[in-house]
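Colleague: Sequence:
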Amino acid sequence: RVLLNRDTSLVGKSFANSHKYLKEFIKILPFEMTNAQKRVVAEILQDMSEPRQMARLLQGDVGSGKTAVAAAAIYIAIKNGYQAVLMAPTEILARQHFINLKEYLFQLGIKLELLTGTMRAKERREAKERLKSGQADLIVGTHALIQEGVEYKNLGFVVIDEEHRFGVEQRRKLLENLPDVLVMSATPIPRSLALTQYGDLELSVIDELPPGRKAIKTKLMNASKRREVYRVAWGEIKKGRQVYLVTPLIEDSEALDNIVSTTQMFDDLQQIMPKACRIEMLHGKMSATEKEEIMESFRRHEFDMLVSTTVIEVGVDIANASVMIIENAERFGLSQLHQLRGRVGRGEYESYCILVAGDRSKKTQHRLEVIEKYIDGFIIAEKDLELRGPGEIRGTRQSGMPDLILGDLRQDIDIIEKTRDLAKRMLEADPNLNANWAKRLKNELRRRSEAVGFRQII
Numbered sequence: 001r002v003l004l005n006r007d008t009s010l011v012g013k014s015f016a017n018s019h020k021y022l023k024e025f026i027k028i029l030p031f032e033m034t035n036a037q038k039r040v041v042a043e044i045l046q047d048m049s050e051p052r053q054m055a056r057l058l059q060g061d062v063g064s065g066k067t068a069v070a071a072a073a074i075y076i077a078i079k080n081g082y083q084a085v086l087m088a089p090t091e092i093l094a095r096q097h098f099i100n101l102k103e104y105l106f107q108l109g110i111k112l113e114l115l116t117g118t119m120r121a122k123e124r125r126e127a128k129e130r131l132k133s134g135q136a137d138l139i140v141g142t143h144a145l146i147q148e149g150v151e152y153k154n155l156g157f158v159v160i161d162e163e164h165r166f167g168v169e170q171r172r173k174l175l176e177n178l179p180d181v182l183v184m185s186a187t188p189i190p191r192s193l194a195l196t197q198y199g200d201l202e203l204s205v206i207d208e209l210p211p212g213r214k215a216i217k218t219k220l221m222n223a224s225k226r227r228e229v230y231r232v233a234w235g236e237i238k239k240g241r242q243v244y245l246v247t248p249l250i251e252d253s254e255a256l257d258n259i260v261s262t263t264q265m266f267d268d269l270q271q272i273m274p275k276a277c278r279i280e281m282l283h284g285k286m287s288a289t290e291k292e293e294i295m296e297s298f299r300r301h302e303f304d305m306l307v308s309t310t311v312i313e314v315g316v317d318i319a320n321a322s323v324m325i326i327e328n329a330e331r332f333g334l335s336q337l338h339q340l341r342g343r344v345g346r347g348e349y350e351s352y353c354i355l356v357a358g359d360r361s362k363k364t365q366h367r368l369e370v371i372e373k374y375i376d377g378f379i380i381a382e383k384d385l386e387l388r389g390p391g392e393i394r395g396t397r398q399s400g401m402p403d404l405i406l407g408d409l410r411q412d413i414d415i416i417e418k419t420r421d422l423a424k425r426m427l428e429a430d431p432n433l434n435a436n437w438a439k440r441l442k443n444e445l446r447r448r449s450e451a452v453g454f455r456q457i458i
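Note that the numbering used here has the sequence shown beginning at 1, numbered continuously upward.
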């Protein structure tokens, strides 16, 4: 990855008066930043003040305030005369970011624009014109931001959310003019894994949650206790709260006999829940417009219970939702379960996450107890690494140890850090790796890599 990015790591943008603009931004916040947020903002500002291109990974647990940190950096870039972009992998997430960023930046006079693939042709054309003319300061969107015909007047700062969901070419298109880059990950990653998967990025971690946030109560339950689970849900709905129920499948499958589907659960709940309970369904086969309309309706509390697949896994922010029920919890990874749990507990109310397990084998029980026991996403990520292994080095396999054994990512973090620092120093000395020592090193790496079937050396 460092080699792939070596041609864009030399000269970037340099932003001035960052502390002055940061004070302006902090004044409009309805809360005080945590110490961790302040530290991370300082790290980002230091990078932005330098002439080289910033390339930084921002990590933080669910609800740690990553968006506020990104908004501060975006504001500073815009006040320096540049445009900024935030690219998200899904339309639901892009719209959520647009709503959140508008809350922070609109009152500071920043002109925001939303650009997604499902906008009407006329709306999209007009939005593109505003990007090209510089009338738009901040552009939030999906991959539509890098489609043909999208031009920016003066792009200087890029935020990429959930970077792993985009291809290399998609990212490259945004980075052609050497903007500063902030990559956000909603999924906590163990430091050892972050150093290998994101070795080209500096790492900032928000390791503190805002004060006063109530811990979500998590309970693991048998599928035979579903009625009890629904009573808890109805009790919360009667208090005026809202409920998510997530399933692993959209429709029933003969091959997966004991797995609950969204459509079947939606039909069943219409019969099981009291008639006063308003229920809606959401899944990935719906159009982006349908999904957005349903989420907006849920946000306005036009119904009480949303039966959904994992399309709501990341980014959905509805403060009134206080219960997350996850059916067939054994079918989800720990990271997914933690992200889904993070959809509740975003307001002032006591919140609950109920894991309904169909398979209660010893292995499943042990894995799900990690979610029941821990609320810290970084601890969960470390436990997940212990249970599953880091997966393939380039991220294409989801479990097991890598085919190319470089060492133990759980124990060899010191060696990994030293190796990463050495690689950075080598690139600083010879960015294009043209020196004789670099050529010899590449040849040796290529030879060893091909011997074990790993050919991603250039």
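Keep in mind that the hints were calculated from the coordinates and are not lab data.
Careful: at least some of the hints might be erroneous.
[Unchecked claim] BS3-like mimics (lysine-lysine), calculated; alpha carbons at most 25 Å apart, straight line:
(1) Lys23 to Lys111
(2) Lys217 to Lys373
(3) Lys424 to Lys383
(4) Lys128 to Lys111
(5) Lys362 to Lys219
(6) Lys122 to Lys23
(7) Lys20 to Lys111
(8) Lys20 to Lys102
(9) Lys383 to Lys373
(10) Lys219 to Lys239
(11) Lys238 to Lys225
(12) Lys132 to Lys153
(13) Lys363 to Lys383
(14) Lys219 to Lys102
(15) Lys132 to Lys111
Colleague: Given the hinted pair Lys383 and Lys373, is their alpha-carbon gap at most 25 Å?
Modeller: Roughly 11 Å between the alpha carbons, so the hint for Lys383 and Lys373 holds.
Colleague: Has the given pair, Lys23 with Lys111, been kept, meaning a C-alpha gap of at most 25 Å?
Modeller: Holds, at roughly 20 Å.
Colleague: Just to be careful, I want the Cα atoms of Lys128 and Lys111 compared with a cutoff of 25 Å; is the pair within it?
Modeller: The given pair, whose Cα atoms are some 14 Å apart, holds under the 25 Å limit.
Colleague: Taking only the CA atoms, is the gap from Lys362 to Lys219 under or equal to 25 Å?
Modeller: holds (17 Å)
Colleague: Tell me if the straight-line CA distance from Lys363 to Lys383 falls inside 25 Å.
Modeller: holds (13 Å)
Colleague: Are Lys132 and Lys111 close enough, with their CA atoms no more than 25 Å apart?
Modeller: holds (14 Å)
Colleague: Under the criterion that the straight-line Cα-Cα distance not exceed 25 Å, is the pair Lys217, Lys373 satisfied?
Modeller: holds (10 Å)
Colleague: For Lys219 and Lys102, compute the direct alpha-carbon distance and say whether it is at most 25 Å.
Modeller: violated (36 Å)
Colleague: Quick one, are Lys20 and Lys102 close enough, alpha carbons at most 25 Å?
Modeller: Holds, because 21 Å separates the two Cα atoms, which is no more than 25 Å.
Colleague: Decide if the proposed pair is consistent with the structure: Lys219 and Lys239, CA atoms, cutoff 25 Å inclusive.
Modeller: holds (20 Å)
Colleague: For the pair supplied as a hint, Lys20 and Lys111, confirm whether the alpha-carbon distance does not exceed 25 Å.
Modeller: holds (20 Å)
Colleague: With a cut-off of 25 Å on the C-alpha distance, tell me whether Lys238 and Lys225 pass.
Modeller: holds (21 Å)
Comparing the model with each numbered hint stated earlier shows that hints 3, 6, 14 do not hold.
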